[in-house]
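A.B. asks: Could you slot chain Z onto chain P? The hints should help.
There are 2 protein chains.
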Amino acid sequence: MNKTKLVIVGGVAAGASAAAKARRCNEDAEIVMFEMGRDISYATCGLPYYLSGVIPERKDLLITTAQFFKKRFNVEVRTRHEILSIDRDKQKVVVRNLATGDISEEAYDRLILATGASAILPPIPGVDFSFVFTLKTLEDTDRIYAHLKNKKPENAVVVGGGLIGIEAVENLVRKKTKVSVVEFMPQILSFLDREMAEVVHQHLRHKGVNIYVSEKVTGIEKRDGCGWIHTNAGRELPADLVIMSVGIRPNTKLAKDAGLRIGPSGGVEVNEFMQTGDPNILAAGDCVESLNLVTGKPMLIPMGSAANKQGRAAGANAMGRRIAVKGFTGTVIVKVFDLAVAKTGLSESEAVKEGFSPLVTYVLAGDHAGYYPDAKELQIKTIADRATRRLLGAQVVGEKGVDKRIDVMATAIYNGMALDDLLQLDLAYAPPFSAARDPVIVAGAVGQNFYVGDWIPITPAELHEKLARGDDFLLVDTRTVRELKKTGIIPGAIHIPIDDLRDRFSDLDPEKETILYCAVGLRSYVGNRLLAMKDFKNVKALTGGINSWTYPTEPFHS
Amino acid sequence: MNKTKLVIVGGVAAGASAAAKARRCNEDAEIVMFEMGRDISYATCGLPYYLSGVIPERKDLLITTAQFFKKRFNVEVRTRHEILSIDRDKQKVVVRNLATGDISEEAYDRLILATGASAILPPIPGVDFSFVFTLKTLEDTDRIYAHLKNKKPENAVVVGGGLIGIEAVENLVRKKTKVSVVEFMPQILSFLDREMAEVVHQHLRHKGVNIYVSEKVTGIEKRDGCGWIHTNAGRELPADLVIMSVGIRPNTKLAKDAGLRIGPSGGVEVNEFMQTGDPNILAAGDCVESLNLVTGKPMLIPMGSAANKQGRAAGANAMGRRIAVKGFTGTVIVKVFDLAVAKTGLSESEAVKEGFSPLVTYVLAGDHAGYYPDAKELQIKTIADRATRRLLGAQVVGEKGVDKRIDVMATAIYNGMALDDLLQLDLAYAPPFSAARDPVIVAGAVGQNFYVGDWIPITPAELHEKLARGDDFLLVDTRTVRELKKTGIIPGAIHIPIDDLRDRFSDLDPEKETILYCAVGLRSYVGNRLLAMKDFKNVKALTGGINSWTYPTEPFHS
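First to last, the sequence lines map onto chains P and Z. Mapping to the working numbering: the first sequence position 381 is 381, numbers consecutive. Mapping to the working numbering: the second sequence position 369 is 369, numbers consecutive.
Don't take every hint at face value.
As the list claims (entries may be wrong) - Label pairs and their in silico Cβ distance ranges: (1) D374/Z - D472/P: 49 to 59 Å; (2) G416/Z - R469/P: 28 to 38 Å; (3) D89/Z - G492/P: 31 to 41 Å; (4) T65/Z - E554/P: 31 to 41 Å; (5) V213/Z - N2/P: 36 to 46 Å; (6) R58/Z - S558/P: 42 to 52 Å; (7) R321/P - T553/Z: 29 to 39 Å; (8) H206/P - R58/Z: 55 to 65 Å; (9) S558/P - Q67/Z: 19 to 29 Å; (10) E554/P - K207/Z: 35 to 45 Å; (11) Y451/Z - R78/P: 31 to 41 Å.
It should be emphasised that the hints constitute simulated quantities derived from the structure, not laboratory data. Don't be surprised by glycine CBs; every beta carbon is placed ideally from N, CA and C.
Bound conformation, chain P alone:
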C-alpha cells in the first residue's frame, strides 16, 4: 500500500466515518483528523434528549474517543484545532491550535472536508443574552444543560419549529418548563404539507405547548430579572430560556476561500464519489450538497445517516476507491411526544413547485390489526405523479408503526415504484405487527382505484374553494348520526348514511355534480362507485374525509 497522507477536517459523523474507512482501505496511510471541538464522533442527534435526562449521562453521547481512534484505526486525532485555510497548490492546510493559539501547517496528499453546519443566529436585538442558546453542538448542549440546572427556567421559548426545535420543545416540557414555539412560517415542520403539520400542532397544544405561527421574533429583552421575547404580532412572551433554532447553514467558508465550487443549495458541490473539483479534495456530511433522487436536483441533507454514508465513501475514495453515494429521497422522521412524524420524497407543495400534477391520497388505518390490543391509527398521505403513476412522496403521522411505513415508502421511491404498485408488496402480516391490509397496501389500492377510474378524488382545498365560490353541486355526508354529532357537518352538506344510499339515490339528480365524504374516504369511495354505476354523470369523493378537513364544520342536528 502507499503512504498517502490524508487530512480530515472535522471529526464528528462524516469525518470519523471517513477516517475509519480510509484506514480499512489503506493500512499504510498517515491519517490526521482535526476537530475544533473537544470531542469527536458524538451523538449530535441525541443532544436534545440529554437535556431532559431521557439520555441520562453525558458520556452516553460520546460514541467514540480520540484514544480509541488511535488504537483501533491508527488515526491521529487533534481536537480543539481549527483549519484556517487550504493551500491547494502546495497541498497543505494552515491550522490553529485553539488551546495554545499556535499556528502551523499540515501537508496533505488527500483532504476531506467534513466541516459540518452551524446554527444560524439571526441578527435580532438580544440574541447575545446569556439565556439565549443555539442547540447544535455538544458544547451548546452543555451550556443549556447548565442553565437548566442552575436557573431552573420556568418559561422557555423555542424560536423555529424545525426538527431540532421541536425535539427541544419535547425535552424542555419534560423538564417541567412551560414552552412556547414561535415560527415565522404558517406551520412548524415545514417539510410537511400544511394539513399534516396541523395534526402536530394539535398534539403539541394538547401537551401544553403554545404555538405561534406566522410570527417573527423581533427582539429579546431582559426586564425585572426575566427574559422576554417580542414578536412582530406585538406579542410578548416570558422566556428564562430561549433556544434559537431557525436553521443551519453548511460551513463552506474554507472550501469557498480555497476556490472550490459551492452549489445552488449552499453546500460544497461534490460528485457521487464525494469529490470536489479538486482531485485531491473530497467533502462529506452537513457541509456538502446531495442529490435529491426524486427531483434530480441538489439539496441539503443535514442528517447523521447521510453524513455516515458520505464519510464512508469519501474515506474510501480518498484512498483510490470508487464508492458512490447515489443520492437521497429526503427521508425525515421526528418524535413529537406520543407521535412519530415522518416524510420521504416530495410533499404535495414541493411536487407542485417541481411542476408535477400530483395525485394525493390519504389513508387512515391502524398500525396493526384492530382486534389485537393497542392498535393505534396512523395517517399516510401519498403524493404521486398523476401522469406516470410514479410515487413522489409520502408523509406518515401516528403513534406507532410510522417509521416502518416511511421506510417502505422510501424504499419504494428509491426504486421508482408506481403508487398503485404498492398494492403488490408482500409486507409482513401477523396481528401484532400489521393488518391483513397494511396501510401501505391500502394506499396502493386507493391509487389503483384512481387509475382504473373507480375513484374520482377531490382534495379538501379544492372542495373548500368550490364551496367558497358557491358552485352548484350536491355535497353528501355518508357517515352515521353519531359521527356527525361528534365532528359536525361541512356547511351545505346533506346527510345520507352510506347504507341508505342504495335506497335513496333515486331522489338525487344524476345530472348534478355530486361530492361524497365520510370519515376517512372508504365509504365515500363505496358511494362514488354506486352512484357512478347508476349513471350519475359527475361524482367525486373527498380524499381523506372529514379527517383531513381543516376548514370549519357546523353542528349537526338530526
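C.D. replies: Frame of chain P, contents of chain Z only:
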C-alpha cells in the same frame, strides 16, 4: 351494468374481499356467498390470541357479519351451506344446507372458489380423543376455548412448530399451561435457516417451553384420566390438551372434481388475474397456488394478507376487470413471546436448493441508536446471489423493529435490488427510531465490502467443517478477554485482541490461511483488511461471529 350472477364459495378472507370488490365493480350483479361455518369474515390470524384472553372477546374476532354484507354491499350470504359439486357445463353448483340437510342447485355466470385450507390431521392412534384439537377455524377455537375453561389442562402438547403451532404455544403458556412442542423436523419454524431457528428455540426454552425436535408423534393415549403423547424417541409426555398443527392443505376437492387444474404446489392453478382454466371460474386465498417472485415458481401462501389481495382481484375480474396479483416474495412474521421472527424471500437452504450460490451475511445491531433508551439488538441474515448481487432473502429476529426491517427487505426484493444497493436507501433516522447506520444499511455495506473484495467471509458451517477435517490454518479470536470468558473460545483458536493486531501481525505467517472471528463480524472485518493489506495471502472472517456459531466452544483461561 349487467346483471351477472356471481357465486362465491367461502366467506372468510378471500371470499368476503371478493364479494365486496365485485359489488364495487357491478352494482347490478346478483352476488351470493356461501360459507360452511356459522360466521363469515372472521379474524383467522387472531384465533390463538383469543385462547389466552389477549384478545378478550369472541366478538372482537368477527370482522363483519352477514347482515352488514347485505346492507352495505347487497350480498346475499348463506352460512352453514356446503357446495358439493360444480357443473361447469350447466354453470351451476350443488349446495347442501347443513342446518336442514336440504340439497339444491344454484346457477352462476361467474364462480369464485375461496374454499381456503384445512388443518391436516395425521392418522395416528388417538387423534380422535376429545382433548385433541386442530386450530384453524373459529369453531376449532371455540372448542379449545371451552376445553381450557372447563378442564383447566395442566399440560399441553403442541404437535408441529409452524406459525400456528408457535402462536398457540405462547398463548397456552399465558393460560399457565405447561407446554411442550414436538416437531418432526430438526427445528421449529422451518421457513428459517437452522441457526436463526436456534435463537427461537433458546427463547422458547427460556420461557419454560419444552422443545423436542426431530421427533415424531406415534400415538396419543388416555391413561389414569390423563392424556399422553408418545414419540418415536420413546418419549412419553403428559397432555390434557393436544393441538395438532402439523400443517394445512388447500381445499381443492371441488376444483379437482370439476376438472380444474391443481398446480405442483397442491393449490388450484390460477393466472395472475386469479382465473382458472375455465373462463367463468376464478379462485383466491388459501386454496390457490401463488407465484413466488424470487424463484418464478408456484408456491402456497396461506396468509390473510394474500387472501385479501387475491380476493379483491378475483372479485373485480369476475366482473370483467383485469386486476393482476403479480406474486409474492413469501414474507412471514410471527411473534414468539418477546421476539419477533420474520423472513422474506428465500432462506439460505432454499437458495441452495434453487441452484443459487448464496452469499450470506449477518448483522447484529440495535433497532435504534444505542444511546437512546430501550434499544434492543436485532439480527439480520441476508442471502444474496453471489454472481448477480441480487438480494434473494432476509431473516430478522429481535425484540423490536423486526417488522420494519423485513418490510424494507421485502420491498427491496420485490424491486430486484442488489444486496450492496441497500446501502443507498435513505431510511428514516432519529435516535428513537433507528441508528445513523440502520441495520439494513449495514447489511448493504457488508455486501459492498464483499463485492469490492475487502471482506472474505466464511460461514460457521464451513469453518466447522474445516476444523473437523483438521485443515492447516490459523484461527484468531479478536475479542476482549472479558468476552472470551463469557462465551468461551472456538477450540483451536488463538487470542489476539483486535487492537493488538497491528503490533502483533508480524509474528504470524502471511503464507498461512488465517481466519478471524469476533462477536458479530465487525472487528474480524477490520482485522481481515489489516492483514490483507500486510500481504497475508489468504485471510477470511467468520460471518456473524461467535453470535452465529452454533457449535461448541471451550472455556477460555487467560
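A.B. asks: For every hint, state whether the structure bears it out.
C.D. replies: Consistency of the hints with the structure:
1. Restraint check, D374/Z to D472/P: a C-beta distance of roughly 57 Å satisfies the suggested window 49 to 59 Å.
2. The given range of 28 to 38 Å is broken by G416/Z and R469/P, whose C-beta atoms sit roughly 48 Å from each other.
3. At roughly 56 Å, the beta carbons of D89/Z and G492/P sit outside the given window of 31 to 41 Å.
4. Taking the beta carbon of each, T65/Z and E554/P are about 34 Å apart, inside 31 to 41 Å as hinted.
5. Between V213/Z and N2/P the beta carbon distance is about 54 Å. The supplied range of 36 to 46 Å is therefore violated.
6. Taking the beta carbon of each, R58/Z and S558/P are about 33 Å apart, not inside 42 to 52 Å as hinted.
7. In this structure the supplied range 29 to 39 Å holds for R321/P paired with T553/Z, their Cβ-Cβ distance being about 36 Å.
8. Remark: the range hint 55 to 65 Å for H206/P to R58/Z is contradicted by a beta-carbon distance near 35 Å.
9. Range check, S558/P to Q67/Z: about 23 Å between beta-carbon atoms, so the 19 to 29 Å window is met.
10. With their beta carbons about 56 Å apart, E554/P and K207/Z fall outside the hinted range of 35 to 45 Å.
11. At about 35 Å, the CB distance of Y451/Z to R78/P agrees with the hint of 31 to 41 Å.
When held up to the earlier numbered hints, the structure conflicts with 2, 3, 5, 6, 8, 10 and fits the remainder.
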